[in-house]
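Participant: In case you want the letters, here they are:
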Amino acid sequence: MARVELRGVTKAFGLVRAVQKADITFEEGSFTTLLGPSGCGKTTILRMISGLESPTSGDILIGDQRVNEIPIHKRNLGLVFQNYALFPHKTIAENIAFGLKYRSVEKSEMQERVKNALEVVRLPGVEDRYPAQLSGGQQQRIALARAIVIEPSVLLLDEPLSALDANLREEMRVELTAIQHRIGVTTIFVTHDQSEALAMSDRIIVMSAGNVEQVGTPREVYNAPRSEFVANFLGAANILQGEVVDSGPDGVAVDNEVFGTFPVSNGDLDGLRPGDPVRVVMRAEKVKLSRAPHGDGMAAAGQGSVEAVDYQGQVVRYFIRSGECQLQVIDMIEDRPFAVDEQVFVGVRGVDCSIVRS
Amino acid sequence: MRAWTLIKAYTALVYVFMFAPIAVVLLLAFNDSQFGGFPIEGFSFRWFHELMQNEAIIRAFRTSFALGLLTAVIATTIGIMASLALVRYSFPGKNLVSTLLIAPILVPETVLAVGLLIFLRWLSVPRSFFLLLVGHVIIAIPFVVLVVQARLVGIRREYEEASRSLGANPLQTFFQVTLPLLMPAVFAGALFAFTISFDNITATIFWRPSGSETVPTQIFGMLRHSVSPEINALGFVMIVLTVGIPLLAGGLARYFSRKQT
Numbered sequence: 020m021a022r023v024e025l026r027g028v029t030k031a032f033g034l035v036r037a038v039q040k041a042d043i044t045f046e047e048g049s050f051t052t053l054l055g056p057s058g059c060g061k062t063t064i065l066r067m068i069s070g071l072e073s074p075t076s077g078d079i080l081i082g083d084q085r086v087n088e089i090p091i092h093k094r095n096l097g098l099v100f101q102n103y104a105l106f107p108h109k110t111i112a113e114n115i116a117f118g119l120k121y122r123s124v125e126k127s128e129m130q131e132r133v134k135n136a137l138e139v140v141r142l143p144g145v146e147d148r149y150p151a152q153l154s155g156g157q158q159q160r161i162a163l164a165r166a167i168v169i170e171p172s173v174l175l176l177d178e179p180l181s182a183l184d185a186n187l188r189e190e191m192r193v194e195l196t197a198i199q200h201r202i203g204v205t206t207i208f209v210t211h212d213q214s215e216a217l218a219m220s221d222r223i224i225v226m227s228a229g230n231v232e233q234v235g236t237p238r239e240v241y242n243a244p245r246s247e248f249v250a251n252f253l254g255a256a257n258i259l260q261g262e263v264v265d266s267g268p269d270g271v272a273v274d275n276e277v278f279g280t281f282p283v284s285n286g287d288l289d290g291l292r293p294g295d296p297v298r299v300v301m302r303a304e305k306v307k308l309s310r311a312p313h314g315d316g317m318a319a320a321g322q323g324s325v326e327a328v329d330y331q332g333q334v335v336r337y338f339i340r341s342g343e344c345q346l347q348v349i350d351m352i353e354d355r356p357f358a359v360d361e362q363v364f365v366g367v368r369g370v371d372c373s374i375v376r377s
Numbered sequence: 009m010r011a012w013t014l015i016k017a018y019t020a021l022v023y024v025f026m027f028a029p030i031a032v033v034l035l036l037a038f039n040d041s042q043f044g045g046f047p048i049e050g051f052s053f054r055w056f057h058e059l060m061q062n063e064a065i066i067r068a069f070r071t072s073f074a075l076g077l078l079t080a081v082i083a084t085t086i087g088i089m090a091s092l093a094l095v096r097y098s099f100p101g102k103n104l105v106s107t108l109l110i111a112p113i114l115v116p117e118t119v120l121a122v123g124l125l126i127f128l129r130w131l132s133v134p135r136s137f138f139l140l141l142v143g144h145v146i147i148a149i150p151f152v153v154l155v156v157q158a159r160l161v162g163i164r165r166e167y168e169e170a171s172r173s174l175g176a177n178p179l180q181t182f183f184q185v186t187l188p189l190l191m192p193a194v195f196a197g198a199l200f201a202f203t204i205s206f207d208n209i210t211a212t213i214f215w216r217p218s219g220s221e222t223v224p225t226q227i228f229g230m231l232r233h234s235v236s237p238e239i240n241a242l243g244f245v246m247i248v249l250t251v252g253i254p255l256l257a258g259g260l261a262r263y264f265s266r267k268q269t
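Those sequence lines, one after another, are chains U and V. For the first sequence, my numbering assigns the number 20 to the initial residue and increments by one for each residue that follows. For the second sequence, my numbering assigns the number 9 to the initial residue and increments by one for each residue that follows.
If you're looking for bench data, these hints aren't it; they were derived computationally from the structure. For every residue, glycine included, the Cβ atom is placed at its ideal position computed from N, Cα and C. Treat the hints loosely; a few may be bogus.
To be verified - For lysine to aspartate or glutamate, the following DMTMM-like pairs were computed, each having C-alpha atoms within a straight-line distance of at most 25 Å: (1) U:K109 / V:E166; (2) V:K102 / U:E72; (3) U:K305 / U:D212; (4) U:K134 / U:E190; (5) U:K120 / V:E166; (6) U:K134 / U:E113; (7) U:K93 / V:E166.
Claimed, not checked - Just some of the chain V residues that point at chain U, by a computed CB distance under 8 Å: (8) E166; (9) E169; (10) V185; (11) P188.
Next comes chain U alone, as it looks inside the complex (with noise of 0.2 Å):
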């Protein structure tokens, strides 16, 4: 187990920079998102750190050595692919073994480990079979089985659940999360899933285009994105164009076609002056409706009407027309939905609005 840093690592392919400047510290037994779409520097970061690419400048850590010219077998590292990757022409026995063979494991405590790590990902007695004999979830099991015998000092995921069909990836999710805590290794976790990112991380580093965006918990992007690009990939967000018309030591007062003029005071506030354009973001299921005007505890109110409803079962997506403006609103159903056409009030509380640089 190890802490794993990034400091100024670049990776210039050709022309293309996919990784800038990035500096990243992965906590010891964290579990750890990298989230973007694709493109966006993650897979490479983490091929990186596994050695499978080296950086074109800046340093890599893994505990306190510097590992740069430290080829991947040698590097002690358990690495988990999308497709898997399992031997097709070796026994499963033989896959989760393989690694053992070149770290001096006696035969028989091989056939121990590879039996305890059978247990952990909870597919005892499959050790003769081949991985063409096991369905895409029990592979993906065993791809872990075979990263995690060798006690790898970090464990690194690349989109291993993206080949898997919807329930299954779920479950594993769970699973996934419940072995890391039990094994207690440092885990950096490579996805474009934005679910599987708040569900699993302990904290979750955004991307795109080479970029970090934002480094955080779950709870913390989700809730305070800093900047559009967070706002706009994790949930649903409205981004509402505004115009700062007073500021003080709290927060700036907005103003803003639907809803007036109304107070911020969450969000990149450093150095708003009266006149600046800025950007608000509000989440969807934040947004509040209502048949009859909104009390008090709303600092945001507003007025308009439904212009397409979205059921989507125990939530409904509705499309706002306001003027020039559409806002999305996602609404747990409480009695009836709104029809389209209705006319709504548009509520929101002050701490669901945010401030975010463009």
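Guided by the hints, dock chain V onto chain U, whose structure is given.
Facilitator: Positioned in the frame of chain U, the structure of chain V alone reads:
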């Protein structure tokens, strides 16, 4: 309907045209006649027996076998290494190297043969078994490279990456993971190389050291005098070897790979 009947008849004739000569050889090999042609006068193994007694043919067989096996081993080894370089690594001039490796297929064999001969004369190197072997390897490499490369492209890098992440160095990874997954192509490539070498006559005529014969050049030499019935028997043996070995190998390969899937 009439059109279909015509097409069917035509197709049948194409096959007859292609396979009748082979069938004739197979049939006449057992003909108990002094002359290597029709009519068939009785069934006998006589010519096979004669074949066994013919020192020159036995010697030619030995040469061809040794040549074929060595060609297969060398061409396959070089072919695997070349394919790995071309598929797994990038280096300047890669396309040129790739084209040059495949080029011997495209160049007419006679030209290749004369070219190598002139080159060796220029170097004042006498013809020898070793040079014949080098020539056969050059002719066989493109086939090995094409077959192995095609398979290697289909083997995902993740297998090798997984192996290395688990502590195997690049060489261990090759022998533990890449080579076993590549085996069917290696096998096919080696068979190709063997058959190409075993069959080759055009280039061999130019390259063989004087006094040394391979099976095809031996047959060619014998034909200059007359069509001996022995040649039919020899043809039978050649056909059985060049058709039978790949078929057997293919069957074995399928049998062994079935266990994994």
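Participant: What hints, given by number in increasing order, does this structure fail?
Facilitator: When the structure is compared with the hints, none of them turns out to be violated.
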